[in-house]
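2 protein chains.
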Amino acid sequence: MAAAGWSARVTALLRRMNSFHGAGSSKALCLPFMVAGQQVGHVLPSVAKYLCQYPAVFLVSRGDGVPACVELNKKLASSEQRTDAVEGVLREMRAQQDFPCLKEWREELYSVMPYFCDTPLFSMERSATPLFGVKRYGTHLNGYTWRNGQMFMWLARRALSKLTYPGLLDNMAAGGIASGLGVRETLVKESQEEACIPASLTALAKAAGTISYTYEGAQGGIYAECQFVFDLKLPEGFVPQVGDGEVQQFYLWPLEKVKEAIGSPDFKPNCAMVALDFLIRHGYIQPDGEPHYVELVEGLHRTL
Amino acid sequence: MAAAGWSARVTALLRRMNSFHGAGSSKALCLPFMVAGQQVGHVLPSVAKYLCQYPAVFLVSRGDGVPACVELNKKLASSEQRTDAVEGVLREMRAQQDFPCLKEWREELYSVMPYFCDTPLFSMERSATPLFGVKRYGTHLNGYTWRNGQMFMWLARRALSKLTYPGLLDNMAAGGIASGLGVRETLVKESQEEACIPASLTALAKAAGTISYTYEGAQGGIYAECQFVFDLKLPEGFVPQVGDGEVQQFYLWPLEKVKEAIGSPDFKPNCAMVALDFLIRHGYIQPDGEPHYVELVEGLHRTL
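Residue numbers (the UniProt record's numbering), protein chains in the order written: chain A, 1 to 304; chain B, 1 to 304.
A portion of the hints provided could be inaccurate.
[What the hints assert, rightly or not] Reference listing, derived: stretches of chain B covered by chain A, where coverage requires no fewer than 3 residues with Cβ under 8 Å from a Cβ of chain A: (1) 109-119; (2) 123-134; (3) 144-154; (4) 196-209; (5) 294-303.
[Said to hold, decoys possible] Straight-line Cα separation of at most 27 Å, DSS-like style, residue types lysine-lysine; simulated pairs: (6) K233(B) - K259(A); (7) K206(A) - K257(B); (8) K206(B) - K259(A); (9) K49(B) - K103(B); (10) K257(A) - K206(B); (11) K27(B) - K27(A); (12) K233(B) - K233(A).
To be clear, the hints were calculated from the coordinates, so they are not data collected in a lab. For glycine and all other residues, C-beta sits at the position ideal for the given N, C-alpha and C.
Looking at chain A on its own, in the form it has when it is part of the complex (with noise of 0.2 Å):
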C-alpha cells in the first residue's frame, strides 16, 4: 500500500509538471510565438492581447486570412536589436504590475533559440520567459557516493531567502543557463558557487542526459523547461559547503530517503523529477516493482 501511494504521489508530479499537455491547459488559446520565421514559444492571450500596443516591437495576427501568432517585427534584424526591443516593452510590463512573474525580475537573460542547439535569436529577461513559454535550459547535479555499500546522494535545503520555492528540497547543486554560458560551464559555476565543489572535481561529472516538461503556472504562465542532468560520483570523504546562501543545509541521504521524499512536497518538482531519474537509470527502481514504471520515464521526457 506504501508503495502503491508513492507510485500514485509521482505520477501525480509529473501530470502537475505536464500540466500544459494536459486536458484543460490554455495550450489550444495561446498563439505560437515566432522570431525570424521560426517559433520559439508559446505566448497567453492575456499577453497577446497587452503586446499589441506595442506593433514596432510585436506584430499581432488575429487570423483573419494569416495565421495567429505573435511575431518579432522583422525590422528588429539583429539579436541585439530584439533584446533591447524586447526588453524596452518588458520593462514597462513590468511596471504596470499585471504580470505577477516580472515581480521576480532577475536581471539576467536567457537566449532564445528554436532547438538548443541553434544560434540564439536574441535574449529574453529571465522571469519574462513564461509571458512567451520561451524554453529554458538549467543543469543539475547529482552528487552520490558509497558507504559500506551502499548508495548515498547528496540533497541541497534551498535557503529561505530564495524568490522561488525557499526551504525545499534540491539537488547538490543547479542552476539556469544563461545566455552566452555553456552546459557544463554552468555545471562548474553553479557547483562551485553554492556547494563549493572545486571545478577540477565537478569536471568528473558524467553527462546523462536530460529531463524535459511544461507546465503552467498558478499565475499563468507557461513553463517549458528542459535540464541536462549530470551524475558526480564523489570522494567517501567529500562533504559540500554552503556557499553563496543560496542553500542552508546539505544532507546524504540513504536512497530508500530520496525515493520516499520525491513523492512528498517537501522537494522542489523538478528537482524530484532529476532524483527520480537518477533513480530510475541507476535501477534502483525496477520495471517489475514499479506499477508506473513507463509513464514516470515518459513522464520525464514531454516534449513540446
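We have chain A already, so just place chain B on it with the hints.
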C-alpha cells in the same frame, strides 16, 4: 562535418521512429480502440471499415451522436472471451490477405492494456497489434565491458532467416514481452536463448529506464512500442555464443564504432535507439559537443 552528418542522420532516424506524431501521419484519421471503457490503441480507417463485418466482436461507431471509435463488444466480458473472439476475426483477416502485417503471424500472444501496470484486458496475436495501434513492450540488453580502460559494447548481427530486419545489427539480446511474462523474466530468457548468457549473469543486469516511440510502418500499421532497457557489465573474458539461431555473429566494438553505426542503415532502428540511449546515459555523448542533444533525448522518449 562528420559530426554534423551523424547528428542529422540520427535526428532523422528519431523522426522516422516517431512518424505517427509527425505531419502527414494517419493519427488524425485513426479511431480510438476501446475495451471495457478504456483506450488501448488507435485503429486505422481501413481496418475499422473491415471490422464492421463482425458486430458480435467489434462495434464501430461512426460519430453520429456517439464518439467515433472501435469498441470491443461489451458482451465479451472476460479476458478469455475477448482473446478468443478477436483471434477468430484475425484468422479470417489473415486468410483474406488484405493486411500485409498478418503475413508475419507468430502464434505469440501480447497483452493488451491501457498502461503497462494494468491487468491485461485480453491478449492479441503479436503480428496483429499494428492494425490496432496496440502498444507492445520488449526488453533490450546493453552488454558492455572494459578493456585497457576503454569501454566496449557487445552487439549482435541478426540472422538472415529472421522475419524482420534480417542481417542488421541488434543489441546483445532483446525480445518482446509475451502475455503472462515479466520484464526481467523475458530478459533472462532472451539472453539465455540468443546469446547463451547464464541466468546468474543476467541477474546482475541493471534496469536503466525505457525508450518509447510510435511509427507508421511502410505497409500501414501503427507501431506503438516501449522497450525496457538493461545494462549488463560483462567480465572481460566473457564471450557470448550464438544460441537459438536468431543471431549470426557477435561483435565487441569500441563506443566510437557503435556511435557511427547508430547513424547508419546497418542497425535495426529501435536497437540503434537503445544503443544511443546507452551512449547518452553513460556520458559518451555530451551536451556541449552534440548540437541536437536535447532532441536526441526527447526523441527516445515520446509518449503516445
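Comparing the hints with the structure gives:
1. Remark: the region 109-119 of chain B is confirmed as covered by chain A, as 3 of its residues place a Cβ nearer than 8 Å to a Cβ of that chain, reaching the required three.
2. Check on the region 123-134 of chain B: 0 of its residues sit with their Cβ under 8 Å from a Cβ of chain A, so the three-residue criterion for coverage is violated.
3. Only residues whose C-beta sits within less than 8 Å of a C-beta in chain A count toward coverage, and the region 144-154 of chain B has 0 of them, not enough to reach three; the restraint is violated.
4. Taking a C-beta to C-beta cut-off of 8 Å, the region 196-209 of chain B contributes 4 residues in contact with chain A, enough for the three needed, and the coverage statement holds.
5. A count of 9 residues in the region 294-303 of chain B with a Cβ less than 8 Å from any Cβ of chain A is obtained; the coverage claim is therefore met, three being the minimum.
6. Restraint check: the Cα-Cα separation between K233(B) and K259(A) comes to about 25 Å, which is no more than 27 Å; the hinted pair holds.
7. Distance check on the hinted pair: K206(A) and K257(B) sit about 20 Å apart at the alpha-carbon level, within 27 Å; holds.
8. Restraint check for K206(B) and K259(A): the C-alpha separation of about 18 Å stays at or below 27 Å, so the hint holds.
9. This hinted pair checks out: K49(B) and K103(B) have alpha carbons roughly 20 Å apart, not beyond 27 Å.
10. Annotation: proposed proximity of K257(A) to K206(B) holds, straight-line Cα distance about 20 Å (limit 27 Å).
11. Proximity of K27(B) to K27(A) is assessed by CA-CA distance (about 19 Å); at most 27 Å being required, the pair is judged to hold.
12. For the suggested pair K233(B) and K233(A), the alpha carbons sit about 18 Å apart, so the restraint of at most 27 Å is met.
Checked against the numbered hints given earlier, the structure breaks hints 2, 3 and satisfies all the rest.
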